[in-house]
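Numbering-wise, my numbering comes out as the position in the sequence shown, counting from 1, plus 1348.
It cannot be assumed that every hint is accurate.
To be verified - In silico lysine to aspartate or glutamate, EDC-like type, Cα no more than 20 Å apart, as pairs: (1) Lys1367 with Asp1401; (2) Lys1367 with Glu1417; (3) Lys1374 with Asp1406; (4) Lys1374 with Glu1414; (5) Lys1391 with Glu1417; (6) Lys1374 with Glu1398; (7) Lys1374 with Asp1401; (8) Lys1412 with Asp1401; (9) Lys1391 with Glu1356; (10) Lys1374 with Glu1388; (11) Lys1412 with Glu1388; (12) Lys1367 with Asp1406; (13) Lys1391 with Asp1406; (14) Lys1369 with Glu1417; (15) Lys1405 with Glu1356; (16) Lys1412 with Glu1356; (17) Lys1405 with Glu1388; (18) Lys1410 with Glu1398; (19) Lys1391 with Asp1401; (20) Lys1367 with Glu1356; (21) Lys1369 with Asp1401; (22) Lys1405 with Glu1417.
Claimed, not checked - Per label pair, the in silico range of CB-to-CB distance: (23) Ala1416 with Lys1391: 27 to 35 Å; (24) Glu1398 with Pro1370: 14 to 22 Å; (25) Glu1398 with Val1355: 13 to 21 Å; (26) Asp1406 with Gln1358: 33 to 41 Å; (27) Ser1354 with Gln1399: 13 to 21 Å; (28) Ser1354 with Glu1398: 17 to 25 Å; (29) Thr1392 with Val1355: 28 to 36 Å; (30) Glu1398 with Ile1359: 32 to 40 Å; (31) Gly1394 with Ser1354: 34 to 42 Å; (32) Met1395 with Val1355: 18 to 26 Å.
Quick caveat, the hints were computed from the structure, so don't treat them as lab data.
Where a beta carbon is used, it is the ideal one built from N, C-alpha and C, also for glycine.
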Amino acid sequence: MTVKFSVEDQIIARSLSRKLKPRQRKAIVLRFWHSYSIFEVAKTLGMTWEQADRTIKDALAKLKHECAEQPHFSGVAA
1349 MTVKFSVEDQ
1359 IIARSLSRKL
1369 KPRQRKAIVL
1379 RFWHSYSIFE
1389 VAKTLGMTWE
1399 QADRTIKDAL
1409 AKLKHECAEQ
1419 PHFSGVAA
């Protein structure tokens, strides 16, 4: 499934990602932009797969919360 985002949405998404902790941001980039598996994320960041999984889940929850507070964000709702 391909999702198209407006330029405004892309700017908001970048801004929101800056609110993540550096390790969360790295995990999200590896997992979703570079298509790493949870195990590859864990190995790259020097953590267990459980820690990597929790880091990604926490980051996604934070992003979801931040998106909900952006009235002009037209991204896909979960």
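Hints, verified against the model:
no.	hint	in the structure
1	Lys1367 with Asp1401	holds, 19 Å
2	Lys1367 with Glu1417	holds, 13 Å
3	Lys1374 with Asp1406	holds, 13 Å
4	Lys1374 with Glu1414	holds, 18 Å
5	Lys1391 with Glu1417	violated, 33 Å
6	Lys1374 with Glu1398	holds, 16 Å
7	Lys1374 with Asp1401	holds, 13 Å
8	Lys1412 with Asp1401	holds, 16 Å
9	Lys1391 with Glu1356	violated, 34 Å
10	Lys1374 with Glu1388	holds, 12 Å
11	Lys1412 with Glu1388	violated, 24 Å
12	Lys1367 with Asp1406	holds, 12 Å
13	Lys1391 with Asp1406	holds, 18 Å
14	Lys1369 with Glu1417	holds, 19 Å
15	Lys1405 with Glu1356	violated, 25 Å
16	Lys1412 with Glu1356	holds, 17 Å
17	Lys1405 with Glu1388	holds, 16 Å
18	Lys1410 with Glu1398	holds, 18 Å
19	Lys1391 with Asp1401	holds, 12 Å
20	Lys1367 with Glu1356	holds, 17 Å
21	Lys1369 with Asp1401	holds, 15 Å
22	Lys1405 with Glu1417	holds, 19 Å
23	Ala1416 with Lys1391: 27 to 35 Å	holds, 33 Å
24	Glu1398 with Pro1370: 14 to 22 Å	holds, 20 Å
25	Glu1398 with Val1355: 13 to 21 Å	violated, 37 Å
26	Asp1406 with Gln1358: 33 to 41 Å	violated, 23 Å
27	Ser1354 with Gln1399: 13 to 21 Å	violated, 35 Å
28	Ser1354 with Glu1398: 17 to 25 Å	violated, 36 Å
29	Thr1392 with Val1355: 28 to 36 Å	holds, 30 Å
30	Glu1398 with Ile1359: 32 to 40 Å	holds, 34 Å
31	Gly1394 with Ser1354: 34 to 42 Å	holds, 37 Å
32	Met1395 with Val1355: 18 to 26 Å	violated, 34 Å
Checked against the numbered hints given earlier, the structure breaks hints 5, 9, 11, 15, 25, 26, 27, 28 and 32 and satisfies all the rest.
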